[in-house]
Amino acid sequence: MEKLKKVIEQYGRWSEYSMYADRIEAHIDSDFSLCIENSKSLIEGISKQICKEKNVILSGDESFNRLVKIAFDAIGHRREGCINIIGGSLSAIAHQLGDLRTAIGATSHGMTSEELKDRNDSLNTITKEFLIDSVEIIGCFLIRNFENENPRILTSLDNESLSYENAQDFNEFWDELFGDFEMGDYSYTASEVLYNVDNEAYINEYKGFKENQELEHD
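Numbering-wise (the working numbering), the sequence shown opens with residue 1 and increments by one.
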């Protein structure tokens, strides 16, 4: 879950959630049920934090997939076109994750040793990797979109003065995270693509990067 951990590292307010990513990685082979438990806790925690930041009152009895949907809505997207599709897909994945937790969770029901072994063998490697990748995608998507839509403002940064050449430290960080994009005979770094395609998002990501650096130096 390196991509998720780098996203968490980039934004100071999410640092506490890195422990879930560490736990997930630690138990992929030994006990996948613990991966599911921590995956659910990770996404629940991120969703609840988003709701708290946006002053959304929760009843406390929301289902897992309902909580993800509420968090997605709270981010502030205009609910149009592909955004609706993405939100529905995230909610569907969250629903399946919750069902899977109930089905194979070690702490859900008492099990014999044979049942525990059957549970651990019930998912093949490809399925496990797909599930973990899905959790990572949901976590990255929620955090990144929340930060883009609701950035912490660094008053010392003038949006109009931010040039690509003056943000080399961020560019290197972003390029290491996402690599290059090939288009036929042409190749562009990820930072170049973001800067030229969505400059507002570039500025917000830069602010988050610099803010995290300031927190580390405090």
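Read the hints as simulated data drawn from the structure, not as lab findings. Note that the structure is a prediction, hence the values are computed from the model and not measured. Hints are not guaranteed to be accurate.
Stated by the list, open to error - Calculated cross-link-like contacts (lysine to aspartate or glutamate; reagent style DMTMM-like; alpha-carbon spacing at most 25 Å):
{"id": "1", "residue 1": "Lys48", "residue 2": "Asp175"}
{"id": "2", "residue 1": "Lys3", "residue 2": "Glu129"}
{"id": "3", "residue 1": "Lys5", "residue 2": "Asp29"}
{"id": "4", "residue 1": "Lys3", "residue 2": "Asp73"}
{"id": "5", "residue 1": "Lys3", "residue 2": "Glu176"}
{"id": "6", "residue 1": "Lys210", "residue 2": "Asp29"}
{"id": "7", "residue 1": "Lys40", "residue 2": "Asp29"}
{"id": "8", "residue 1": "Lys5", "residue 2": "Glu44"}
{"id": "9", "residue 1": "Lys210", "residue 2": "Asp185"}
{"id": "10", "residue 1": "Lys54", "residue 2": "Glu25"}
{"id": "11", "residue 1": "Lys54", "residue 2": "Glu149"}
{"id": "12", "residue 1": "Lys3", "residue 2": "Asp180"}
{"id": "13", "residue 1": "Lys3", "residue 2": "Glu211"}
{"id": "14", "residue 1": "Lys5", "residue 2": "Asp133"}
{"id": "15", "residue 1": "Lys5", "residue 2": "Glu25"}
{"id": "16", "residue 1": "Lys52", "residue 2": "Asp29"}
{"id": "17", "residue 1": "Lys6", "residue 2": "Glu200"}
{"id": "18", "residue 1": "Lys6", "residue 2": "Asp198"}
{"id": "19", "residue 1": "Lys6", "residue 2": "Asp169"}
{"id": "20", "residue 1": "Lys69", "residue 2": "Asp29"}
{"id": "21", "residue 1": "Lys3", "residue 2": "Glu149"}
{"id": "22", "residue 1": "Lys210", "residue 2": "Glu172"}
{"id": "23", "residue 1": "Lys210", "residue 2": "Glu182"}
{"id": "24", "residue 1": "Lys210", "residue 2": "Asp175"}
{"id": "25", "residue 1": "Lys6", "residue 2": "Asp29"}
{"id": "26", "residue 1": "Lys207", "residue 2": "Glu62"}
Said to hold, decoys possible - Simulated restraints, written as ranges between beta carbons of each label pair:
{"id": "27", "residue 1": "Glu129", "residue 2": "Glu182", "range": "17 to 27 Å"}
{"id": "28", "residue 1": "Glu165", "residue 2": "Met19", "range": "33 to 43 Å"}
{"id": "29", "residue 1": "Lys3", "residue 2": "Gln213", "range": "28 to 38 Å"}
{"id": "30", "residue 1": "Glu53", "residue 2": "Leu177", "range": "16 to 26 Å"}
{"id": "31", "residue 1": "Glu165", "residue 2": "Ser30", "range": "43 to 53 Å"}
Even for Gly, the Cβ is constructed at its ideal location relative to N, Cα and C.
Here is how each hint holds up against the structure:
no. : hint                        : in the structure
1   : Lys48 x Asp175              : 30 Å, violated
2   : Lys3 x Glu129               : 14 Å, holds
3   : Lys5 x Asp29                : 20 Å, holds
4   : Lys3 x Asp73                : 24 Å, holds
5   : Lys3 x Glu176               : 10 Å, holds
6   : Lys210 x Asp29              : 36 Å, violated
7   : Lys40 x Asp29               : 18 Å, holds
8   : Lys5 x Glu44                : 16 Å, holds
9   : Lys210 x Asp185             : 34 Å, violated
10  : Lys54 x Glu25               : 30 Å, violated
11  : Lys54 x Glu149              : 11 Å, holds
12  : Lys3 x Asp180               : 15 Å, holds
13  : Lys3 x Glu211               : 19 Å, holds
14  : Lys5 x Asp133               : 13 Å, holds
15  : Lys5 x Glu25                : 11 Å, holds
16  : Lys52 x Asp29               : 34 Å, violated
17  : Lys6 x Glu200               : 21 Å, holds
18  : Lys6 x Asp198               : 21 Å, holds
19  : Lys6 x Asp169               : 15 Å, holds
20  : Lys69 x Asp29               : 30 Å, violated
21  : Lys3 x Glu149               : 20 Å, holds
22  : Lys210 x Glu172             : 13 Å, holds
23  : Lys210 x Glu182             : 28 Å, violated
24  : Lys210 x Asp175             : 16 Å, holds
25  : Lys6 x Asp29                : 23 Å, holds
26  : Lys207 x Glu62              : 33 Å, violated
27  : Glu129 x Glu182: 17 to 27 Å : 24 Å, holds
28  : Glu165 x Met19: 33 to 43 Å  : 37 Å, holds
29  : Lys3 x Gln213: 28 to 38 Å   : 19 Å, violated
30  : Glu53 x Leu177: 16 to 26 Å  : 23 Å, holds
31  : Glu165 x Ser30: 43 to 53 Å  : 48 Å, holds
Of the numbered hints stated above, those contradicted by the structure are hints 1, 6, 9, 10, 16, 20, 23, 26, 29, listed in ascending order.
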